[in-house]
Structure formats: C-alpha cells, structure tokens
Amino acid sequence: AQSVAQPEDQVNVAEGNPLTVKCTYSVSGNPYLFWYVQYPNRGLQFLLKYITGDNLVKGSYGFEAEFNKSQTSFHLKKPSALVSDSALYFCAVRDPNTGRRALTFGSGTRLQVQP
Amino acid sequence: SAVISQKPSRDICQRGTSLTIQCQVDSQVTMMFWYRQQPGQSLTLIATANQGSEATYESGFVIDKFPISRPNLTFSTLTVSNMSPEDSSIYLCSVRSGSDEQFFGPGTRLTVL
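These protein sequence lines are chains A and B, in that order.
Numbering-wise (this note's numbering), the first sequence opens with residue 5 and increments by one.
Numbering-wise (this note's numbering), the second sequence opens with residue 361 and increments by one.
Please note: incorrect hints may appear among the correct ones.
Stated by the list, open to error - Stretches of chain B that chain A covers, calculated by requiring three or more beta carbons in the stretch to come under 8 Å of a beta carbon on chain A:
id : segment
1  : 449-461
2  : 464-472
To be verified - Some chain A residues close to chain B (C-beta under 10 Å, calculated; not the full set):
id : residue
3  : Asn-59
4  : Leu-60
5  : Tyr-65
6  : Ala-96
Calculated directly from the structure, the hints in this document are not laboratory data.
We treat Cβ as the ideally placed atom computed from N, Cα and C, and that holds for glycine.
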C-alpha cells in the first residue's frame with residue numbers, strides 16, 4: 005500500500021522568512037513523489053516531482069523539495085515566503101512497483117503567510 | 361501539459377436525482393481518474409476510467425453509485441446516482457501524462473439538498 009502523511013494542518017510564516025511544509029511517505033519500493041498547490045476556488049496545480057536522480061528538486065514559483073530516503077520524507081521548502089504563497093498544499097505519492105496507477109494524496113497543509 | 365475541462369462547473373441538485381459530469385482532455389491520454397474532494401480536504405480516488413472496459417473502483421466506491429464511461433482517449437463521464445447530501449463535494453477529473461505528472465481539471469462543485 006502507498007500512503008503519505010502531512011503532520012501539520014496549518015503552517016504560519018512571516019513574509020520573507022523561509023518556509024517548510026512537511027511530508028512523509030510509506031511505500032514498499034522506490035516512490036514517485038509530488039507536490040501540488042490549490043488556491044481558493046481553483047484547481048490543483050502541479051509544483052514539482054521527484055522520480056529519480058538528484059535528491060533536491062526545484063519546481064514552480066521558487067519552491068523546492070528534498071527527497072530523504074532514510075527519513076522517508078519529501079519536505080517542501082522555499083527560502084523566502086510571499087503572501088501570495090498562502091494556499092493549500094498537498095503531497096502525493098505513487099509506488100510504480102505496485103501497479104497502482106493513480107496518486108495517493110496527503111491530508112493537506114494550509115500555508116498562511118503573514119505580511 | 362494536458363488541458364482538462366469539466367462540465368458542469370457547479371450544480372445544486374435534489375436528493376434522489378442523478379448528475380453526470382463530463383471531462384474533456386485536449387490530447388489523448390491513457391490514464392484517466394476521478395477523485396472526490398470535500399471542500400478544504402484531501403482528495404480521495406473514486407476510480408480509474410478505462411477506455412473500452414469497465415472502470416476500476418477503489419474500496420468504498422461502487423459502480424451502481426458512480427457509473428463511469430470512457431468511450432475514447434479524450435473523454436470520460438462520471439455519474440453520481442441517487443444523490444444524498446453526503447455526496448456534496450468537489451469532483452475532479454485527472455489524467456496522467458507520459459512524464460508521470462498528473463493533471464487535474466477545475467472540478468465540479470456539487471451541492472445536494
């Protein structure tokens with residue numbers, strides 16, 4: 005089975021400060037990992053993915069994520085938060101070894117960036 | 361990236377009726393999925409829409425309640441049958457690209473009274 009956990013319902017950060025949104029995963033093999041963002045009343049937007057290769061992945065809007073196999077984590081980071089980053093963030097996983105074809109999503113973390 | 365459209369974007373329906381949601385993709389895709397999302401909550405996979413064969417449903421979802429059609433590689437429909445207020449949710453169509461990214465439609469916001 006594949007699963008992903010986002011331990012924080014909400015993360016608050018001041019504009020200009022670094023932000024981290026946490027994600028841990030559970031799969032039997034090597035995971036495919038993704039981050040998505042959802043702005044109010046809008047659909048999900050793809051931010052970045054890790055399939056293989058460099059553990060540090062860079063994505064849209066200045067976000068990046070680090071794959072850590074020993075800690076089974078894939079935390080989303082940004083060096084300097086913007087108020088416009090305030091949104092709902094989802095981590096997702098797929099285990100290509102199981103034949104499961106769709107992503108499994110975490111519970112989501114609401115990011116609030118204060119001016 | 362794939363561009364996905366859904367119709368209707370929202371609807372308010374009466375208990376006991378059915379609603380069919382359409383999903384159109386601007387390119388041919390092999391993998392197409394239907395998800396449900398309670399407002400502000402996570403996404404739950406309903407089923408994988410298979411072209412030319414019956415959909416594959418996740419645990420807790422059945423064909424009689426959520427019949428799915430996939431007549432070709434660019435189109436699918438999801439019907440929510442015999443609706444109750446518990447079916448009020450956002451329904452999302454999703455496709456997977458050759459580069460393993462999954463793209464999502466804008467969603468259909470359903471309210472059942």
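Open item on the list: Would the hint on Leu-60 (chain A) be counted as holding, given a Cβ-Cβ threshold of 10 Å to chain B?
Closed with: Status violated, d = 19 Å.
Open item on the list: Interface hint check: Tyr-65 (chain A), Cβ to nearest Cβ on chain B, cutoff 10 Å. Holds or violated?
Closed with: Not OK, violated: Tyr-65 (chain A) not within 10 Å of chain B, min 15 Å.
Task: Interface hint outcome for Ala-96 (chain A) [beta carbon to chain B under 10 Å] - done: Cβ of Ala-96 (chain A) sits 8 Å from chain B, so the hint holds.
TODO: Verify the coverage statement for the segment 449-461 of chain B against chain A, using a C-beta to C-beta distance below 8 Å and requiring 3 or more qualifying residues.
DONE: holds (count 5)
Open item on the list: Quick check on Asn-59 (chain A) please, does its C-beta sit within 10 Å of some C-beta on chain B?
Closed with: Violated - the Cβ of Asn-59 (chain A) stays beyond 10 Å from chain B, reaching only about 17 Å at its closest.
Open item on the list: If you count the residues of the segment 464-472 of chain B with a beta-carbon closer than 8 Å to a beta-carbon of chain A, do you get 3 or more?
Closed with: Holds, because 4 residues of the segment 464-472 of chain B bring their Cβ atoms closer than 8 Å to Cβ atoms of chain A.
Hints 3, 4 and 5 from the list above are not met by this structure, while the remaining hints are.
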